[in-house]
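Each protein sequence line maps, in turn, to chains S and G. Numbered continuously in numbering that gives the first Met the number 0, the first sequence closes out at residue 233. Numbered continuously in numbering that gives the first Met the number 0, the second sequence closes out at residue 126.
Hints listed in this document are in silico derivations from the structure and should not be mistaken for laboratory results. Note that the structure is predicted; figures quoted are calculated from it, not measured. Backbone N, C-alpha and C define an ideal beta-carbon position, used for all residues, glycine too. One should not assume that every hint holds.
Interface residues of chain S toward chain G, partial, derived using beta-carbon atoms under 7 Å [said to hold, decoys possible]:
id, residue
1, Lys25
2, Asp191
3, Asp206
4, Glu208
5, Leu210
6, Ser217
Restraint-style ranges between C-beta atoms, simulated for each label pair [claimed, not checked]:
id, chain 1, residue 1, chain 2, residue 2, range
7, G, Ser5, S, Phe111, 44 to 52 Å
8, S, Arg140, G, Leu58, 17 to 25 Å
9, G, Trp6, S, Gly117, 24 to 32 Å
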Amino acid sequence: MIEFKQVSKRFGSVVALDGVNIHFPKGSICGLFGPNGAGKSTIMKLITGINYPDQGEVKVRGASPKAQRQLVAYLPEVDHLYPWWNLAQAARFMSVFYPDWDEGRCKELLSFLRLDEGMILGKISKGQRAKAKLLMVLSRRAPYLLLDEPFSGIDLLTREEIAHALIKGYREGEQTLIISTHEIDEIESLVDQVVFIDQGRIQLQSDAEQLRMERNKSLVEIMKEVFRNGSQQV
Amino acid sequence: MKFDNSWPIYMQIIDEFKKSIIRTELKPGDKIPSQREYAQKVRVNPNTVQRAYREMENLGMVETLRGQGTFVVAGEDKRQEMAMEMANTIMQHFILQMRSLGYQDKAMLAMLTQHLELEEDEQVDRV
Chain S
0 MIEFKQVSKR
10 FGSVVALDGV
20 NIHFPKGSIC
30 GLFGPNGAGK
40 STIMKLITGI
50 NYPDQGEVKV
60 RGASPKAQRQ
70 LVAYLPEVDH
80 LYPWWNLAQA
90 ARFMSVFYPD
100 WDEGRCKELL
110 SFLRLDEGMI
120 LGKISKGQRA
130 KAKLLMVLSR
140 RAPYLLLDEP
150 FSGIDLLTRE
160 EIAHALIKGY
170 REGEQTLIIS
180 THEIDEIESL
190 VDQVVFIDQG
200 RIQLQSDAEQ
210 LRMERNKSLV
220 EIMKEVFRNG
230 SQQV
Chain G
0 MKFDNSWPIY
10 MQIIDEFKKS
20 IIRTELKPGD
30 KIPSQREYAQ
40 KVRVNPNTVQ
50 RAYREMENLG
60 MVETLRGQGT
70 FVVAGEDKRQ
80 EMAMEMANTI
90 MQHFILQMRS
100 LGYQDKAMLA
110 MLTQHLELEE
120 DEQVDRV
């Protein structure tokens with residue numbers, strides 16, 4: 000379980016998060032939805048312990064994010080792997096760094112995602128690089144997986160492949176998955192919890208099926224509604 | 000399988016299994032896919048599939064035996080009950096929609112009969 004209590008964060012004069020309360024339940028797949036600049040990446044970075052809140056508290060399984068770093072696998076929005084590495088080298092680096100690395104899982108996902116160990120990160124397509132980044136995260140047995148914009152700028156077919164790999168790699172009950180995106184379409188049937196964020200504030204947080212039941216609308220439609228009325232609701 | 004995203008997905012999963020049982024494609028004793036297999040096949044959240052399976056157990060449609068899998072247990076009585084229930088829902092929906100278009104009962108009935116006859120003719124033609 001990950002919890003945010005009255006968390007605020009500024010970068011200079013920019014308010015990134017403004018008194019945010021969130022609860023990511025254990026074992027769920029959470030969608031963190033919002034337009035660019037809403038505060039999604041800031042939330043991710045606070046969970047990983049890369050950034051600290053100015054005010055409020057972030058707890059990962061009851062302790063500070065910094066103390067729980069080994070429990071969290073993080074896929075950042077930027078390319079974080081050396082471009083001259085091939086996939087085997089990147090995987091070896093990860094396996095040394097993280098004791099929860101699962102080599103069998105890595106091999107399985109490698110072929111599922113139609114990747115090859117010899118592929119050099121700097122020389123493959125954007126879609127293949129996105130899949131390679133995903134591979135590095137899903138091959139860990141970490142209880143918390145954070146994916147920051149895993150679909151951004153990726154073609155439709157690859158996005159579907161990624162969504163499929165997420166279901167395949169997910170360990171029910173054990174893992175908590177947080178996916179941030181501004182494109183809900185691909186993961187509409189993938190998430191069970193949703194958090195809508197805009198301008199550093201939580202606009203809505205709920206169970207996905209509950210929302211569909213209550214509003215008789217898809218998450219995409221609900222998102223449009225929430226962000227159109229956002230300023231009035233707060 | 001394509002889901003309607005504006006309606007709870009676990010309910011749509013249950014309805015699919017109900018239909019298969021009603022059409023007797025699934026019979027008592029038949030094994031259905033494991034939750035994991037099913038989630039991957041239809042590409043939905045495994046937690047959502049778990050919810051659907053749990054609900055199907057509560058409804059007396061299936062039973063999960065530890066280490067063996069999930070099996071259909073709905074017998075003939077249950078099958079008829081489910082068929083009736085689903086058919087009723089469809090009829091209510093149909094009537095409501097037709098009324099909202101301004102159709103009176105007689106016109107509605109006439110139109111239904113006409114359509115059924117038309118379909119029958121087409122089938123005869125094809126033969």
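Now for the hints, and whether the structure bears them out:
{"no.": "1", "hint": "Lys25", "verdict": "violated, 11 Å"}
{"no.": "2", "hint": "Asp191", "verdict": "holds, 5 Å"}
{"no.": "3", "hint": "Asp206", "verdict": "violated, 10 Å"}
{"no.": "4", "hint": "Glu208", "verdict": "holds, 4 Å"}
{"no.": "5", "hint": "Leu210", "verdict": "violated, 9 Å"}
{"no.": "6", "hint": "Ser217", "verdict": "holds, 4 Å"}
{"no.": "7", "hint": "Ser5/G / Phe111/S: 44 to 52 Å", "verdict": "violated, 31 Å"}
{"no.": "8", "hint": "Arg140/S / Leu58/G: 17 to 25 Å", "verdict": "violated, 35 Å"}
{"no.": "9", "hint": "Trp6/G / Gly117/S: 24 to 32 Å", "verdict": "violated, 46 Å"}
The structure does not agree with the numbered hints 1, 3, 5, 7, 8 and 9 stated previously, though it agrees with the rest.
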